[in-house]
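Trainee: Read off the chains here:
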Amino acid sequence: MSHRLAGEGAIQRERTLAFTFDGRPLTGHPGDTLASALLAAGVRLVGRSFKYHRPRGILTAGSEEPNALVQLRSGARREPNTRATVVELFDGLEARSQNRWPSLALDLGAVNSLLSPLLVAGFYYKTFMWPAAFWEKVYEPAIRRAAGLGRASTEPDPDVYEKAHAFCDLLIVGAGPAGLAAALAAGRAGARVLLCDEDFLPGGRLNGERREIDGQDGAQWARQVGAELAGLPGVRVMTRTTVFGAYDGGTYGALERVADHLPRPTPHQPRQRLWKIVARRTLLAAGALERPIVFGGNDRPGVMLASAVRTYVNRFRVAPGRRTAVFTTCDDGWTTAFDLLDAGVQVPVVVEARQQVSSVILNEASRRGLRIMLGSQVLDARGGRGIRSVDVRDERGRTVRVAADALAVSGGWNPNAALCTHLGGRPRWSEAIHAYVPADMPPGMIAVGASAGELSLAGALRTGTQAGREAAEAAGFAAAAVQCPHADDEAVGGTPLWFVAGCRGKAFVDPQHDVTPGDIALAAREGFDSAELLKRYTTLGMGTDQGKTSALNGHALAAALTGRAPADLGTITSRPPYTPVAIGALAGVHRGPDFRPCRLTPSHRWAQSLGATFLDTGEWRRARAFPRAGEVDWQPTLVREVLGVRNGVGLCDVSTLGKIDVQGADAGAFLDRVYANMISSLPVGKARYGIMLREDGIVLDDGTAARLAPGHFLLSTTTAHAARVLQHLEHARQVLWPQLDVQLASVTEQWAQLAIAGPRARALLERLLAGAIDLSNAAFPYLACAEFAWQGSPARLYRLSFSGELAYELAVPARRGEAAVRAAMAAGESLGVVPYGLEALGTMRIEKGHVAGAELNGTTTAHDLGLGRMMSDRKDYIGRVLASRPGLTAPERPVLIGIRPVAAQARLAAGAHFLRLGARASLANDEGFVSSVTFSPVLGHWIGLGFLSRGRERLGERIRAHNPLAGGDVEVEVTHPVFYDPDGERLRG
Amino acid sequence: MRIECPFCGERDHSEFTYLGDAGFRRPDGGGEGLAGRFYEAVYLRDNPAGPHREWWCHSGGCLSWLRVTRDTRTHEILGVELASEVAVP
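Quick note, the sequences are listed as chains A and B, same order.
Those letters in the first sequence? Residues 54 to 1042, by my numbering.
Those letters in the second sequence? Residues 225 to 313, by my numbering.
Mixed in with the good hints there might be a few duds.
Unchecked claim - To be clear about the criterion: a stretch of chain A counts as covered by chain B if any three or more of its residues have a C-beta under 8 Å from a C-beta of chain B, and this derived list gives those stretches:
1. 300-309
2. 825-839
3. 935-942
No lab work stands behind these hints: they were computed from the structure.
Here a beta-carbon is modelled for each residue, glycine too, at the ideal position from N, C-alpha and C.
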């Protein structure tokens, strides 16, 4: 039988939405939450608790809900642990209860209740301590199966999430009466206002109440203000948007649930949007959260916060119960009783913990013939999967049983101050309302309305209007003539009652984590008596709800047990996010192939057309190899490409190497200070290999410097370090030596650069460049460089060799890169030119003993790399002094060597560690490691580079390359690191 | 955190790269104890609770190196200067 009441609320009765709960078909209306629709259908049991599998229902009507966690949707969109109280109902919604087996009504896990003496606070640390090996294999899996929340989908999320940025004069967190009044005052003045509310309907508590503002219905007023705000040019009202975190500098994080209320997002619509909001000022108008009272059976389905009962009755027109008793310790609870009576719901009794209540309330109660029990407390809410009666201790100590199927509980209100503490501020205890109120706010934030402890509607409207006006003025807008809206009167008195002493049955302080008063008492006895220790020992407030409704009651209980006032216990620090934020929303579009940008080389399309395979290296996607039909794996391709270069000519796109243009009268002097070797002595038209050190003496990067004009150099860097080297050089230029006349610019992406290598490289270039430049060895020797015009655009040629062959690098403007590659291929066709990829490039550099990323690993010195002689002693440069520290020059340091396997067919693996023959594999015996390996097509066996202690003195020695990770242990011979053409005759040819 | 770049205006901190303490000048010349002075300049750092001068690079923007004065307790930015325009102590 429906629990839906007659009369208007904020639901559209003319439309019906079908949904299922645990497979059972049910209906609701647009405007319903899943919780209100379940209550309307008479469903009260919606989940099982975390530890004891107790039956649980719906406690609240908002995002603070600890109990009603459900799983939504199915398949790839299956989403666990959503709060039924904030899930907007849509047609076709599938919801399931969690943490029950085999079914919600019959849950075998409930046997855990019998074990509750074992599952007390700290049980993780005590009961399951021994033996240690059992924790991982037995206890934890068992506990995880039995206790827990829902299960996330294991399929990829089919939806998209996006990120957005917003800037405003005034960010208002919460569109209740205070927030709406503030938005009106600031918006009318012309300020840029962002008004965010987690609900899909602006109005906050006004939607759940029957209040009057300026003589009209409060919910109606909220709708009207919302409509006016939507028409103001500088104002943006964002519903379904939770401001979840406060960050430095007026920055806030917010989550907009764009399509959570739809069965699936419409095409191209994101599911959620993560906002980074930068606000000059922020108003915290997030209201207050009603607090419960701890008594026996306070977790049973049917026990609900009194304000939530009003929300269900007034907004959703749903009666949570047919006979709803009220248990209150403040004036607010009485409003629930009156609203229920006006809606035609029976109220068997109002149990009021206070001895005295204002005569206005008592007169109203007696006019309605309401049974009231002053100075009384609920001892026990009795029943199974829903309450059937409550046992009340009256003022004389007698126990009275009252039949009721629901119990509305009001323990007072806690200002919602979470955002105030995100930057480390501490809230202040207010004796006036017996709760923490914001203090020590983040810069630019102020609290208004109930968030500030102004619990009356009139106070909310007054503080909101004033703060909105001030924010507009501070942003330079003349205040608009905004009258503070007038609210009807209300009573807001109350005396806190945190828990009912001597209550019966099982009581819960934190229902989500099943923390009982007994757990709190145990923690207090064992000395965990501050708020933070209590939290960690008992898990109080550690659930998905972060103790929004439970923490203060727990603290008050612990304070009472240790003879203190609640304020003396301190409070916990609330941290972002205020409510859970999906990892997908934080990742936004940055996942899968869009995880980071992908830069393509100028010759990418050409390489694709040849069927190249690609590899992402750093930020670039580079051709890895150019396999031909019939080449079954990587090795034949590698061998063909390498031998093609070594015996003929090959071609490779090397545009990804960093290129830094250095100009200015002091360019040479500047480069002398950043390179370890001398650069200023380089003549125009020549290039030189150089190494840069960090100031601590470690090698930062290597590359070449080419002098194009007296005051103009072009540097190359490794692909991986390009950005870092430029930043390093800018630091030297701006911070260390700002007096030097020198300018730097990255031109990496402006120039396409093509390596043409092999004995026939000159022949190819002569055909390609057709006399644009004299390529004879005399005119253009090894390490020459030149600028010239080619085919109507500038070109640069460098005679550099990474492969060890006669080689050139031809640079053309990036947009002409692909044409240049195709032209070079055509020019080399009769010479047998082979395109080669990263694998062949890497193999040839290892054959030549050139260092690269694996050797320039941030721990090696120039001496370690065999480059010690490059360190000039005729000048000062970055890293010079500290490179000569004893630790960096110790003779036993591992230095660069080559290795070859003793057994010709053996494979090598990078990462293997060097051990003397017969030495045990231990850290003490470790003598270095293998940094790079390859199969050498020229030599016909594997070779490697590595770092070996005193390696240069040990050429010819046999050692082991031990690789426990991959299981390899290879005997190798120590060699000189240059395996191929050690005298460098080929590159000068 | 927001940093006001003298060229680009106020920007989110994610555009910037942090280097560290700006309270050192790079030792120069030769003389006694040069290694010791370099050691201090590279490794010895104060860790004050309060205003701290430090180097930041607007690496996602104009590549300016900036001397930023930041309160390490609150992340409040108290001042931003172009490195090339300040005399390093």
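Trainee: A separate judgement is required for each hint: does it hold in the structure or not?
Mentor: Verification of the hints:
no. : hint    : verdict
1   : 300-309 : holds (count 5)
2   : 825-839 : violated (count 0)
3   : 935-942 : holds (count 3)
Against the hints set out earlier in the document, a violation occurs for number 2 only.
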